[in-house]
Structures are given as C-alpha cells and as structure tokens.
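Novice: One-letter residues, chain by chain:
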Amino acid sequence: MLLAILSITLLGCLFGLGLGWAAGKFKVESDPVVDQINDVLPQTQCGQCNFPGCRPYAEAIASGEAQINQCPPGGESGIQALADLLGIEPLPLNPENGEEKPKTVAVIDEAVCIGCTLCIQACPVDAILGATRQMHTVIEAECTGCDLCLPPCPVDCIEMVAEHRTQGQWTWPNPGGERSSGSPIEQPAGAS
Amino acid sequence: MQTSPMDQARRVGEQLHHFHGGLRLRHNKKISCEIPVTKTPLAIRYYVPLLQLRGQEAEAAVSVGQKVLKGDPLGRFRHHGSDYMHAPTSGIVSAIALHPNSHPSGEEGRCVVIKPDGLDQWTNLEPIESWEQADPALLRQKIQSSGIVGLGGAVFPTGYKVREASERGIHTLILNGSECEPYISCDEMLMREQPASIILGARILQKAVGATRTVIAIEDQMGAVNTALSEAIRQSGINDIDIVKVTTIYPEGGEKQLVKVLTGLEIPSGKRPTDLGLLCQNVATATAVARAVTEGKPLVERIVTVTGNGIRKPRNLLAPIGTPISNLVDQCGGYAPGAARLILGGPMMGYALSSDSNPVIKAANCILVLSEEDIRPPQPEMPCIRCGECARVCPSVLLPQQLNWSIRNSMWDETAELGLSDCIECGCCDFVCPSHIPLVEWFRFGKSELQMLAEERGKADSAKMRFEAREARLVRLKQERKQRIAEKKQALGNSSDKQKNIAAAIERVRSRKGGDA
Chain A
1 MLLAILSITL
11 LGCLFGLGLG
21 WAAGKFKVES
31 DPVVDQINDV
41 LPQTQCGQCN
51 FPGCRPYAEA
61 IASGEAQINQ
71 CPPGGESGIQ
81 ALADLLGIEP
91 LPLNPENGEE
101 KPKTVAVIDE
111 AVCIGCTLCI
121 QACPVDAILG
131 ATRQMHTVIE
141 AECTGCDLCL
151 PPCPVDCIEM
161 VAEHRTQGQW
171 TWPNPGGERS
181 SGSPIEQPAG
191 AS
Chain B
193 MQTSPMDQAR
203 RVGEQLHHFH
213 GGLRLRHNKK
223 ISCEIPVTKT
233 PLAIRYYVPL
243 LQLRGQEAEA
253 AVSVGQKVLK
263 GDPLGRFRHH
273 GSDYMHAPTS
283 GIVSAIALHP
293 NSHPSGEEGR
303 CVVIKPDGLD
313 QWTNLEPIES
323 WEQADPALLR
333 QKIQSSGIVG
343 LGGAVFPTGY
353 KVREASERGI
363 HTLILNGSEC
373 EPYISCDEML
383 MREQPASIIL
393 GARILQKAVG
403 ATRTVIAIED
413 QMGAVNTALS
423 EAIRQSGIND
433 IDIVKVTTIY
443 PEGGEKQLVK
453 VLTGLEIPSG
463 KRPTDLGLLC
473 QNVATATAVA
483 RAVTEGKPLV
493 ERIVTVTGNG
503 IRKPRNLLAP
513 IGTPISNLVD
523 QCGGYAPGAA
533 RLILGGPMMG
543 YALSSDSNPV
553 IKAANCILVL
563 SEEDIRPPQP
573 EMPCIRCGEC
583 ARVCPSVLLP
593 QQLNWSIRNS
603 MWDETAELGL
613 SDCIECGCCD
623 FVCPSHIPLV
633 EWFRFGKSEL
643 QMLAEERGKA
653 DSAKMRFEAR
663 EARLVRLKQE
673 RKQRIAEKKQ
683 ALGNSSDKQK
693 NIAAAIERVR
703 SRKGGDA
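Each protein sequence line maps, in turn, to chains A and B.
Residue 73 in the working numbering is what sits at position 73 of the first sequence, and the numbering runs on without skipping anything.
Residue 341 in the working numbering is what sits at position 149 of the second sequence, and the numbering runs on without skipping anything.
If we strip away everything but chain A, and leave its shape as in the complex, we get (with noise of 0.2 Å):
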C-alpha cells in the first residue's frame, strides 16, 4: 500500500518536472490564438474597431477585451469566419464601428497636393510616396482602403474611389444571382 504510494507520488513529481522543462524549453513566444485571429481579419490597419490595427485587436479579441463584431472591413463574412474559429456565436457587426463598403483606394488629387507629408505618416502600410514639398502618390497596389490619410490632409486633395478592376480580371457571374449582362451564355445573338 505504502509502496504504491510513493512509487505513484514520485512518478507524478517526475512528470511534473518533466512538463515544467519542456513548457520552459519550448515556448511560444507569440499567443497562437492571436496569430490566427490575425490571419482571419482584413489586415485593411484602419483602426476602426478602436484598436491601433489589425494585430493589436486580435490580441484584444484573445484576452477578451474586445467583441467579434468590431471589424467593418471584415464584415459579415468576417465575423462568421472569426465566430467559427473561436467556437462562439456570430454577432451582427456594430454600427458604433462602422459600416461594411465596398472596397475602395485613395487617390491624391497631384496637382492639389502640397507636399506636406501628413498623409504619408497617417498611413499604416506605408502605401504613400513622397517628400517634403515635393508630389505625393498612392501605390495602388499596396493601399486598403482605410481612410486614415483624409483627416490629416490640410488641402483636402485625396480622395477614395472605388477599386479598379480591369477587363483582364473580370470574374465569371454567379449562375445563380441573377442573370445579368455579364452571362454571356444567354446573350442574344446579334444575328439579325
């Protein structure tokens, strides 16, 4: 009796020192949970779920601070995707945050811009080019959409148009929305 005792004590106290060196010896540096909420939001930077971008509200959704439903960016999808991955309920997205639009890209009006660098320290990804006194541009490419360079600009010349898309990336319709002009399958012939 004695003896099984002691053997099943000691046998606990080694795996418990053999659990608190492997915890030590292999630690995750970053919280996983954070990196996969990470992965799952837009990454648009724009601050408007009240944090300062994407990462610092991942990290507030994994401690709890925040709710799922603060990313307008993201949207329904978004929320859906996050509800799935945290095994909670779907929330419908908070109108204090926002609405979901369209995705759009800025664009500086270059003969407006007076170069005052403003907009270029406001943006998160680093997507506006130019100097001191000098023409500012967007990189199309690198911009989401996130409206932080407007209110800074003191000659209001950036404006957001709506994403181009070229002919080159046109998209199949759904068969199943409804069947507009781009279902070139039912066109009518121009055969007359």
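Rather than coming from a laboratory, the hints here were simulated on the basis of the structure.
Careful: at least some of the hints might be erroneous.
Using 35 Å as the maximum straight-line C-alpha spacing, the simulated DSBU-like pairs for lysine-lysine come out as follows [claimed, not checked]:
no.: 1; chain 1: B; residue 1: K690; chain 2: B; residue 2: K674
no.: 2; chain 1: B; residue 1: K505; chain 2: B; residue 2: K307
no.: 3; chain 1: A; residue 1: K27; chain 2: B; residue 2: K690
no.: 4; chain 1: B; residue 1: K437; chain 2: B; residue 2: K639
no.: 5; chain 1: A; residue 1: K25; chain 2: B; residue 2: K670
no.: 6; chain 1: B; residue 1: K651; chain 2: A; residue 2: K103
no.: 7; chain 1: B; residue 1: K674; chain 2: A; residue 2: K27
no.: 8; chain 1: A; residue 1: K101; chain 2: B; residue 2: K651
Quick list of the computed label-pair ranges, beta carbon to beta carbon [as the list claims (entries may be wrong)]:
no.: 9; chain 1: B; residue 1: A289; chain 2: A; residue 2: D126; range: 31 to 39 Å
no.: 10; chain 1: B; residue 1: T439; chain 2: A; residue 2: V161; range: 51 to 59 Å
no.: 11; chain 1: A; residue 1: A23; chain 2: B; residue 2: D199; range: 48 to 56 Å
no.: 12; chain 1: B; residue 1: Q682; chain 2: A; residue 2: D126; range: 31 to 39 Å
no.: 13; chain 1: B; residue 1: G526; chain 2: A; residue 2: E140; range: 40 to 48 Å
no.: 14; chain 1: A; residue 1: A141; chain 2: B; residue 2: R246; range: 13 to 21 Å
no.: 15; chain 1: A; residue 1: I88; chain 2: B; residue 2: T439; range: 53 to 61 Å
Every beta carbon over 12 Å from chain A, so not counted as near; a handful from chain B, in silico [claimed, not checked]:
no.: 16; residue: I223
no.: 17; residue: N293
no.: 18; residue: P296
no.: 19; residue: L311
no.: 20; residue: I430
no.: 21; residue: R578
Glycine included, every Cβ here is placed at the ideal spot set by N, Cα and C.
Mind docking chain B on chain A? Use the hints.
Specialist: Same frame as chain A, now just chain B:
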C-alpha cells in the same frame, strides 16, 4: 518491368492509351471543309484589341493619326518590353478607343482602330536567314517578338512557353492536330493545305527547345490530312517526325488528355507536360512560328472556321486579327434564316457574343452561328439526383456533383481540395447532366471566386507585413531619438562645464553684437 515516367514519356505515340471519360460527339465538320481556305477582302476598319482574352492589357505603342505598315507593333508590355499586337494591314491609326473586343464579359475594351490605305504593304521584315545554324535563343526571341500565342484557343504566349521548355529540357515536341470539338475545322484545313509549313514550324520549334523528335497527333478520321502530312515529311527528307492517329473522343485534344493518350501518363495537378520533357503546341502555332522565323512576319492573321446552321455557306477563312466578324459572315453568304446565336469558339467550350461588330482575335478558331433549332429549348434546372454521369465523363477525373455542391455553398477550401483548378471547362458534364444543371457556368464562377480569394489573401499578407515593418521602424526611430538626446546631454558634460559653456556662448553673442554696433 518498371520504367520511370521520363522513359515512358520518351516513347510518345508508340502505344496509344485512353483517358478517363470523354464523349463521342457528332462531328459536324464536313460542312465547312468543302471549300478551300479563302482570304477575306480588305475591311473598312480593323479593331485590334489590346487585351487578348485574358491577362494584362498591352500598352498602345502607336498614337492616333500615325501611319503604320502591316506588321508594325501596335501594343507592347512595359514590364517585359516585348511586342505583342501587330498591325494587320497598312494604314492609319484612326483611333485608340473602347470597342467590343470579343471578350466573354461582353464589355468593351481598348482597341487600336486601323483605317487601311488599301496597299496592304508589309513593314521592313527581318527573317532569320539560315535558321538551321541560328542560336536557339535567337529563335525563341523571334517567336516572342512576333506576338505568337497558342492558336488552339488558350492563347498562352508561345515565347514564354518555349523559353520555359528550353530551361526544363525537352525531348519530344507534340504538335496537336487533334481538333476534337465539333464544327471546328481550321486546323484540319491548315494541315491539308499547308503541310510543308507545319513541318518547317515543327523543325524550328524542335531546334528552339532542343527536342530530338516530333509527334504530330491527328484524329483517326482525318484521312486527307494524313496523306498530305506524310507527303510533306517525305519531301522534307527528315526522319524524326512521326504522325500518330488518335481515336476521336472529345476532348482528346486537351493538352493533358493528349499526353495521356500518347504516353499513358497522367500529368499531376499543377504540373505541365514540360515536367515530362514534352512540349505541346497547336499545328497552327507551328505555321506561325515558321512564318515568323523564315519570313520575319509577326502573327497578324489566322484561319477561322465560320460555320453552323445559321450560316449560308460555311467555310474556313484566312482573316487578319481585328477584322469585324460581320465581314466574315458576309463573305460566307450572310446569316441563314433562323440564325439565333453567335458563338466564338466551338459549341462545347465557346462563349456567346452579343454582336457581330466584335473583331477576330487570336483565340478565334471558330465563329459558330447556331439556328433556333440547334439551341436546346431552355429546360428548367432540376436538383442533382446524384446519378454520377458527370463523374463518369469527366476527362480530368473530378467529381462535378461534389464541386457543384461545394461551390453553391461557398465552401471554398473544399472546392480547392476537390481540384477545381484542374477543370478544363470542356462541358462534358454539362452535356450529360439529366437535371440540366449548368455545371460549367458554376465551375467558371468558382474558379473566379478562388482566384479573387487568393488575390485578397495575397494583399492582406502584404498589408500585414508592411504594417509590422512600419511598427518596428517607428519603435526603432523612437529609441534612436532617445539615444541621440542622451548623447547630446552627455556631450554637454557635468554642471560646472555646462555653466562655463553657457557663459562662453553668451560672451560670443555679446561680442558679435558689439562688433556690429
């Protein structure tokens, strides 16, 4: 006995195999094969689209009002600087404007509009003299700068394909003459009428990629083609070109299907025939290569089959790229009564055009006009009954009913896993579906969605990286500034030194002021 795939690939055409599924379809090719290929008369205007079906729009290399000669570059790509579109005739650039451009979207695209001067005068041509002795890299360069693309309908740039092929090491060139889609006969007519040009193109391509052998695959029904090609091979006196007759089962002309038939090997998902040391090219592409190298002429025209029950006199026409389709229809006697639908490409893989003002593009192997009787009455779509017919006929060995399910429910990870990217949109599943589900429409939509998702993911990853890099930089700058301030403070030294320094500075200013006064 175990042989490696590479060895098996070397024995192309020695033994024929079967690919999975496929359909035996009514051919309907004869109606357009009775008259020899004829040239189209000069059009009033040519509309050369700067975007050919897919990819990126080329930049216009000409300006409005400029005079161009036949073969002058009209559009080029900035990033690789190669000429892409060439003038189909000599004349004046009358506009660079939006015009219907034979795109499946039905939207207009930028076209270079040429007003012909009637002379049809070639520009200064630079053929490669004695190509047998030429550097293969020079041949590849010539193919690229001549704007040659795969003329089977996929319009993949041939210059890119041969460059990649030469880097991978190619042993056998496969010329694809197995034109499997019903109604289309442009390759058949080409092989009958210009066999010597195809053989010449094969030899040049062989040299350009370092292949030692060529196999020309034709359908077993093409008797006249076999005779013509065999005669041309005999006359050229070379022995490394073979003709292989493959069984006519749609879609045996698909690249992966043809390789399977000729070698018994399946090309894995995401791989290409070049991975087996094989290069597939359409026979019309080979003639374009021959013309580019030996005559210096870029790709400015192609053979187009104009056919269908909605056309009075179906035939094949040699049409410059940019010719309005209405011109071709007029030359074929116009529309027959009851013409109902205009299709670019064949009945299985083609797409409808909204008007015949669309121009001939490099991908236009066929202009098909169907009559009202041809078009199946639109039957109501019924739910899938899981009969499995679609899986039985799928030449890519996919499960169309599963794909249909996952696409309709936006299950994109499952869709990708089921191998949607391997779908060749041949339409076999559509054809046999007893519930009339427009499967290919769904698959095209699904492919578009997957592509958009991948694009979005790529952009998000890039934004994440840039955001994190910026955060790191801001932290670093803050620290550097702190450090600088600390260093400056230290440079000023201790408090007594500081007092002395300040006194000295005040003295300096005072003396300067006194000097001024």
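Novice: Against the range 31 to 39 Å, how does the distance between the Cβ atoms of Q682 of chain B and D126 of chain A compare: consistent or not?
Specialist: Once the Cβ atoms are compared, 33 Å apart, the range 31 to 39 Å for D126 of chain A and Q682 of chain B holds.
Novice: Does K505 of chain B pair with K307 of chain B here, judged by a C-alpha cut-off of 35 Å?
Specialist: holds, 28 Å
Novice: Assuming the hint says 40 to 48 Å, is it satisfied by the Cβ distance from G526 of chain B to E140 of chain A or not?
Specialist: holds, 47 Å
Novice: Determine whether the Cβ-Cβ distance between A141 of chain A and R246 of chain B falls within the hinted range of 13 to 21 Å.
Specialist: Once the Cβ atoms are compared, 19 Å apart, the range 13 to 21 Å for R246 of chain B and A141 of chain A holds.
Novice: Next pair to validate is K437 of chain B with K639 of chain B; report whether the Cα-Cα distance is within 35 Å.
Specialist: Since the Cα atoms of K437 of chain B and K639 of chain B sit roughly 34 Å apart, the hinted pair holds (cutoff 35 Å).
Novice: Assess, step by step, whether the Cα of K674 of chain B is no farther than 35 Å from the Cα of K27 of chain A, and give holds or violated.
Specialist: holds, 32 Å
Novice: Going by Cβ atoms, does N293 of chain B stay more than 12 Å from chain A at every point?
Specialist: violated, 8 Å
Novice: Was I223 of chain B rightly flagged as not at the interface, with every chain A Cβ beyond 12 Å?
Specialist: holds, 18 Å
Novice: Is the Cβ of P296 of chain B more than 12 Å away from each Cβ in chain A?
Specialist: Non-interface label on P296 of chain B violated, nearest chain A Cβ at 5 Å vs cutoff 12 Å.
Novice: Taking the closest pair, is the beta carbon of R578 of chain B still more than 12 Å from chain A?
Specialist: holds, 19 Å
Novice: Given the proposed pairing of K651 of chain B with K103 of chain A, does the C-alpha separation stay at or below 35 Å?
Specialist: holds, 12 Å
Novice: A range of 51 to 59 Å was offered for this pair. Does it hold for the Cβ distance of T439 of chain B and V161 of chain A?
Specialist: holds, 55 Å
Violated hints, listed in ascending order, are 3, 17, 18; each of the other numbered hints is respected by the structure.
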